[in-house]
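> Sequences listed follow chains G and B, in order. Sequential numbering from 1 applies to the first sequence in our numbering. Sequential numbering from 203 applies to the second sequence in our numbering.
The hints are simulated quantities; they were obtained by calculation from the structure and are not laboratory data. Since the model is a prediction, treat every value here as computed from it, not as a measurement. There's no promise every hint is true.
Derived DEER-like restraints, expressed as beta-carbon distance ranges [stated by the list, open to error]:
(1) 68/G - 245/B: 43 to 53 angstroms
(2) 55/G - 233/B: 21 to 31 angstroms
(3) 240/B - 38/G: 39 to 49 angstroms
For the chain G half of the interface with chain B, some residues (derived, Cβ under 10 angstroms), not all of them [to be verified]:
(4) 50
(5) 66
(6) 86
Beta carbons are placed, not taken as given, at the ideal position from N, Cα and C, and that holds for glycine.
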Amino acid sequence: MPIVTPGFRYGKRLSKSRIFGGHGPGKKGTYADLLITPLVDMFVIIVLFLIANFSATGEVLSMSKDVVLPEASNVKEVDMVPVVMVTMPNKDDPTSGQVVLSGSVIGNVADLSKEDVLNIPALEEKLREMKKQYEDLRALANSADGFKGDVNIQADKGVKFRILKRVMFSCATAGYNNINFATLQVAGASEPPKAAAAPAAP
Amino acid sequence: MAGGMDLGDSGGKGKKKPLDTAINLVPFIDLMAVTISFLIMTAVWTQIGRLQVQQAGGPSDPNQEQTEQKTVPLTLLITEKELKLTAGGSAVDPMPLVSVDKGGKKKLDLIKLTAKLKELKAQLADQWPSQITLQTEDGVNYEVLVQVIDECMGAGLPNVTVSPAMG
Numbered sequence: 001m002p003i004v005t006p007g008f009r010y011g012k013r014l015s016k017s018r019i020f021g022g023h024g025p026g027k028k029g030t031y032a033d034l035l036i037t038p039l040v041d042m043f044v045i046i047v048l049f050l051i052a053n054f055s056a057t058g059e060v061l062s063m064s065k066d067v068v069l070p071e072a073s074n075v076k077e078v079d080m081v082p083v084v085m086v087t088m089p090n091k092d093d094p095t096s097g098q099v100v101l102s103g104s105v106i107g108n109v110a111d112l113s114k115e116d117v118l119n120i121p122a123l124e125e126k127l128r129e130m131k132k133q134y135e136d137l138r139a140l141a142n143s144a145d146g147f148k149g150d151v152n153i154q155a156d157k158g159v160k161f162r163i164l165k166r167v168m169f170s171c172a173t174a175g176y177n178n179i180n181f182a183t184l185q186v187a188g189a190s191e192p193p194k195a196a197a198a199p200a201a202p
Numbered sequence: 203m204a205g206g207m208d209l210g211d212s213g214g215k216g217k218k219k220p221l222d223t224a225i226n227l228v229p230f231i232d233l234m235a236v237t238i239s240f241l242i243m244t245a246v247w248t249q250i251g252r253l254q255v256q257q258a259g260g261p262s263d264p265n266q267e268q269t270e271q272k273t274v275p276l277t278l279l280i281t282e283k284e285l286k287l288t289a290g291g292s293a294v295d296p297m298p299l300v301s302v303d304k305g306g307k308k309k310l311d312l313i314k315l316t317a318k319l320k321e322l323k324a325q326l327a328d329q330w331p332s333q334i335t336l337q338t339e340d341g342v343n344y345e346v347l348v349q350v351i352d353e354c355m356g357a358g359l360p361n362v363t364v365s366p367a368m369g
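With the sequences and hints as input, model every part of the structure.
Spelled out as structure tokens, the structure:
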């Protein structure tokens, strides 16, 4: 009788079986090779996707939950210019709608809707200050870039033109004549046809 | 060796280097992980654009005014319910702003405006201006105004002037 290694083994009948004819349930090898190729493929695809969607200008306009922007397709890229945000009043609180310039609150939409004057004096004053700061900084830096008068208006899609016209008028009076309406860019967007003559800078 | 790749261990005179070299992928994966983290952190998920408009009475280019003299002035009155287009002196039939779909849901309908602008562009040809004035009533929403500006820009009118409606 041959000497065999002690341990569990299947019966003689199965000794010639392809499946059970081996050495019984032995230990698996401890060296497990990890499949890296699909991982690298996935990484490459993610990197390419993210690079394709990368925006060099970064987030110029901060999105607020109070402002739902309308959609448009013939849009241009947003520049770093002062932003006037007009929020919509909540259903619970009708006085919550505000006009905000670069983070500081200018006025309440409900109050502004009642007034009959065309401008918003506080907004106008603040914009004049910003314009002066910009021009002083440019003068200190001896920069050739002049003041272009660009301003972004970021309003909720439900805001009425009654408020918008006052904001626009205040911007124009303060020297910000190039008004840009912020919108969400929808798929299939393209650059609009170029103007025959560019609007004059103030 | 039958049919296989020569791995260099066949016992020849010159010792060949083995061909099955493994590329060290660990630094590559590290680089990928860092790049992905950076790109995700700096990603801007909402694509925001801008529509440039001018205000009635604002500064304008004198060269543009000269070219605009030969063209037909376009004016679009936007009310809460309809759009009234005027080309030169002649007014086009008012276009309803809101349409009701099969499910009874109201939605903004600017197809007629687009079609009308296309038709006018074909009719006017050389006299087609680059500017349109949008006279907007107080009750009009920002969304409606933006959609109309977008349609005008798409129809080949890049200089959009916004002014309050008179009267």
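> For every hint, state whether the structure bears it out.
Taking the hints in turn, this is what the structure says about them:
Hint check: residue 68/G to residue 245/B, Cβ distance near 21 angstroms, so the stated range 43 to 53 angstroms is violated. Between residue 55/G and residue 233/B the Cβ separation comes to about 22 angstroms, which falls inside the hinted range of 21 to 31 angstroms. Remark: the range hint 39 to 49 angstroms for residue 240/B to residue 38/G is contradicted by a beta-carbon distance near 23 angstroms. The beta carbon of residue 50/G comes within 4 angstroms of a beta carbon in chain B, closer than 10 angstroms, and the hint placing it at the interface holds.
Nearest Cβ of chain B to the Cβ of residue 66/G: about 13 angstroms, over the 10 angstroms cut. The hint is violated. For residue 86/G, the suggested interface contact is upheld, since its CB lies about 8 angstroms from the closest CB of chain B, less than 10 angstroms.
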